[in-house]
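Trainee: Sequence:
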Amino acid sequence: MPPDEELRYPSPPPIDSTTTTDDEAGWVWAQIKAEARRDAESEPALASYLYSTILSHSSLERSLAFHLGNKLCSSTLLSTLLYDLFLDTFASDPSLCAAAVADLRAARVRDPACISFSHCLLNFKGFLACQAHRIAHKLWNQSRRPLALALHSRISDVFAVDIHPAAKIGKGILLDHATGVVIGETAVVGNNVSILHHVTLGGTGKASGDRHPKIGDGVLIGAGAIILGDVKIGKGAKIGAGSVVLIDVPPRTTTVGNPARLIGGKEKPTKHEECPGESMDHTSLISDWSDYTI
1 MPPDEELRYP
11 SPPPIDSTTT
21 TDDEAGWVWA
31 QIKAEARRDA
41 ESEPALASYL
51 YSTILSHSSL
61 ERSLAFHLGN
71 KLCSSTLLST
81 LLYDLFLDTF
91 ASDPSLCAAA
101 VADLRAARVR
111 DPACISFSHC
121 LLNFKGFLAC
131 QAHRIAHKLW
141 NQSRRPLALA
151 LHSRISDVFA
161 VDIHPAAKIG
171 KGILLDHATG
181 VVIGETAVVG
191 NNVSILHHVT
201 LGGTGKASGD
211 RHPKIGDGVL
221 IGAGAIILGD
231 VKIGKGAKIG
241 AGSVVLIDVP
251 PRTTTVGNPA
261 RLIGGKEKPT
271 KHEECPGESM
281 DHTSLISDWS
291 DYTI
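Per UniProt numbering, the very first residue in the sequence shown carries number 1; after that it's consecutive.
Don't take every hint at face value.
Claimed, not checked - Cβ pair distances, simulated, as ranges:
| no. | residue 1 | residue 2 | range |
| --- | --- | --- | --- |
| 1 | SER59 | ILE115 | 17 to 27 Å |
| 2 | VAL244 | ASN70 | 36 to 46 Å |
| 3 | SER56 | ILE247 | 49 to 59 Å |
| 4 | SER56 | SER153 | 42 to 52 Å |
| 5 | GLY205 | ILE115 | 39 to 49 Å |
What the hints contain is simulated information worked out from the structure, not anything from laboratory work. All C-beta atoms in this analysis are idealised placements derived from N, C-alpha and C, irrespective of residue type, glycine included.
Required output: the full structure, derived from the provided sequences and hints.
Mentor: If you want it as structure tokens, here you go:
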């Protein structure tokens with residue numbers, strides 16, 4: 001492996017005020033290529049796959065467009081058509097690549113099962129579904145809605161992740177495991193949010209118009225949680241696994257149960273200082289809510 005492509009960091013280097021988006025994207029892409037070369041050498045059975053998906057491409061955008069095109073194609077929606085569509089969309093909006101880099105970093109830092117950036121790029125369906133959704137969202141906003149909806153359908157079929165193309169998704173998103181995630185049309189998800197599998201951000205079924213949840217920055221939503229209606233989940237809040245949330249949740253509080261209840265009570269809920277969407281701490285304060293022991 002060339003010295004300039006050594007795997008220098010077990011996790012991404014810290015970002016400071018002098019780091020540009022291009023610098024960060026370049027660093028991540030160099031790491032991905034270095035990882036792919038290492039894996040191709042150690043596992044020859046993957047060499048052709050890694051070359052065609054990563055090593056033959058000159059940028060993250062091209063690699064991602066190629067990989068998504070192959071994942072989402074069908075007998076009538078050809079991979080070459082999707083590759084051109086995805087690449088043109090990436091070229092027209094650099095923020096899409098910046099969001100992909102932030103998502104790669106999120107997975108690498110927050111998920112202990114993520115062994116490398118290339119592992120996330122190739123195999124994490126939550127990451128891939130999120131990138132494909134951003135393209136569908138761009139198409140939706142360009143009034144190319146039949147194509148956006150066709151892409152939405154393929155994302156749901158292939159990745160078991162159902163995000164309406166009108167939904168607004170921030171960056172630094174981790175869809176951990178991702179199976180069964182449903183995000184409705186008017187939902188908004190902020191930056192640095194982590195969402196586990198089988199989470200629903202849905203409507204109540206009784207309203208039209210703006211009818212889906214608004215998730216603040218840094219929120220952590222546990223597996224199987226259901227949040228319904230035009231409710232606001234405050235910045236840095238934590239939603240416990242299996243919770244059913246129907247009303248607003250204040251910032252930096254924890255809510256658990258069905259129906260969900262604030263730890264500490266609604267009059268003076270317990271506040272936490274960390275950003276749970278980044279710390280991935282699912283269980284702190286649980287003893288304040290329940291005396292359940294094993």
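Trainee: Now, for every hint given, state plainly whether the structure supports it.
Mentor: Verification of the hints:
{"no.": "1", "hint": "SER59 to ILE115: 17 to 27 Å", "in the structure": "holds, 23 Å"}
{"no.": "2", "hint": "VAL244 to ASN70: 36 to 46 Å", "in the structure": "holds, 38 Å"}
{"no.": "3", "hint": "SER56 to ILE247: 49 to 59 Å", "in the structure": "holds, 51 Å"}
{"no.": "4", "hint": "SER56 to SER153: 42 to 52 Å", "in the structure": "violated, 29 Å"}
{"no.": "5", "hint": "GLY205 to ILE115: 39 to 49 Å", "in the structure": "holds, 41 Å"}
Violation of the numbered hints given earlier is confined to hint 4; every other hint is satisfied by the structure.
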